[in-house]
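Engineer: Sequence:
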Amino acid sequence: MYNTALVYRSFGEPQTVLHAETSVLAPLPAGQVRVRMRLAPVNASDLIPVTGAYRHRITLPTIAGYEGVGVVTETTESDAHLLGKRVLPLRGQGTWQQYVDCPAELAVPVPDDIDDTLAARAYINPLAAQMMLEHYPAHGQHVLVTAAGSDCAAYLAQWARLQGAKSVTGIYRSAIHARRLAASGVIPLADTDSAAITQAAGKAGVIYDATGGTLADMLLQSMPETGQLISYGLLSGQPFSIRRRLPAVHWFHVRNFLDAMTAEEWQQVFCTLWERLRATPVSEVTLIDFQQWRQAITLYQTPGRIAKPLLAF
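Numbering follows full-length UniProt numbering, in which position 116 of the sequence shown is assigned residue number 116; successive positions increment by one, without gaps.
Everything labelled a hint here was simulated from the structure, so no lab data went into it. Here the structure is a predicted model, which means the values were calculated and not measured. Don't take every hint at face value.
Label-pair ranges, simulated between beta-carbon atoms [claimed, not checked]:
1. E264 with T73: 22 to 28 Å
2. E21 with K166: 49 to 55 Å
3. D217 with V24: 50 to 56 Å
4. P29 with H135: 32 to 38 Å
5. E264 with A182: 37 to 43 Å
6. S184 with E265: 40 to 46 Å
7. E21 with R244: 45 to 51 Å
8. A53 with W266: 21 to 27 Å
9. N256 with G213: 21 to 27 Å
10. D112 with D217: 46 to 52 Å
11. H19 with T192: 34 to 40 Å
12. G164 with S194: 26 to 32 Å
Even glycine gets a Cβ: it sits at the ideal position worked out from N, Cα and C.
Produce the complete structure using the sequences and hints provided.
Structural biologist: And the structure:
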């Protein structure tokens, strides 16, 4: 049996350094399950490592992709109950390939009422939003989110409102997002409106920032000393400066919390997530054949995009 995977052997622009490579599948290691992939999304967190931004923790060559959904096609005897089940094959190999091997205890079963397009993107953005709100709550705060057109910011905004935030403001880059934000109860704010951004930051108790750069600098200079800025991305590609001790700045990465989780705790996290995702409006998707992966990356990088590209295997 053969497997085709998107591999990078050097760092650089994803369209340039990613290559589809086909090889014979090795025997399934003990304690693992083999998953035939159905769908895998394209996220910033998939593409940024390919550029070399995290080269200190990546060993080349490696397979791209961090999440997706598929069906278990092979197990060892102790995990036979998973055979034929839909799962999220997480925290093992890269997911941009036809077959993924992952630790059986970390494979997350998908409830029957969750469709593939939602299950495929139930990890990176929803889990990050859920964990940020647990560690840095929004209750009773004026909340501000940057990159408000992104999926993670959308989850943060909606769940912050449910958690009891006084208000939620979303800073967006493309005007196409303004109406959707307003319809969901989020105050839309263009990233070009510096005066309004300064005013909104001036009363913000919690800011969830995925942008960094000059925008993060502006927010830190404007927000009250009692506030907290949670930095969980640098979509601008630029860092920001911390010129004073307060307000507090926290750097958030899901991976920093995973090693301390037991397998049972890991599975319980998703029980909570499934309940939240059932009740949360999500973005549209565009299915693109795995063989056309370059097209999927191009779509993801298109300004003003409103649909999430999913690789379909």
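Engineer: Would you mind marking each hint as holding or not holding in the structure?
Structural biologist: Comparing the hints with the structure gives:
1. E264 with T73: 22 to 28 Å: Roughly 25 Å apart at Cβ, these two residues keep to the hinted range, so it holds.
2. E21 with K166: 49 to 55 Å: holds, 51 Å
3. D217 with V24: 50 to 56 Å: holds, 51 Å
4. P29 with H135: 32 to 38 Å: Check passed, 34 Å falls within 32 to 38 Å.
5. E264 with A182: 37 to 43 Å: holds, 41 Å
6. S184 with E265: 40 to 46 Å: violated, 31 Å
7. E21 with R244: 45 to 51 Å: For E21 and R244 the Cβ distance comes to about 49 Å; the hint holds.
8. A53 with W266: 21 to 27 Å: Cβ of A53 to Cβ of W266: about 26 Å, so the range 21 to 27 Å holds.
9. N256 with G213: 21 to 27 Å: The hinted range 21 to 27 Å holds for N256 and G213, with Cβ atoms some 22 Å apart.
10. D112 with D217: 46 to 52 Å: Cβ of D112 to Cβ of D217: about 47 Å, so the range 46 to 52 Å holds.
11. H19 with T192: 34 to 40 Å: For T192 against H19, whose Cβ atoms are near 39 Å apart, the range 34 to 40 Å holds.
12. G164 with S194: 26 to 32 Å: Holds, since G164 and S194 (Cβ atoms, about 29 Å apart) stay within the stated range.
Violated hint for the displayed structure: number 6, the only one.
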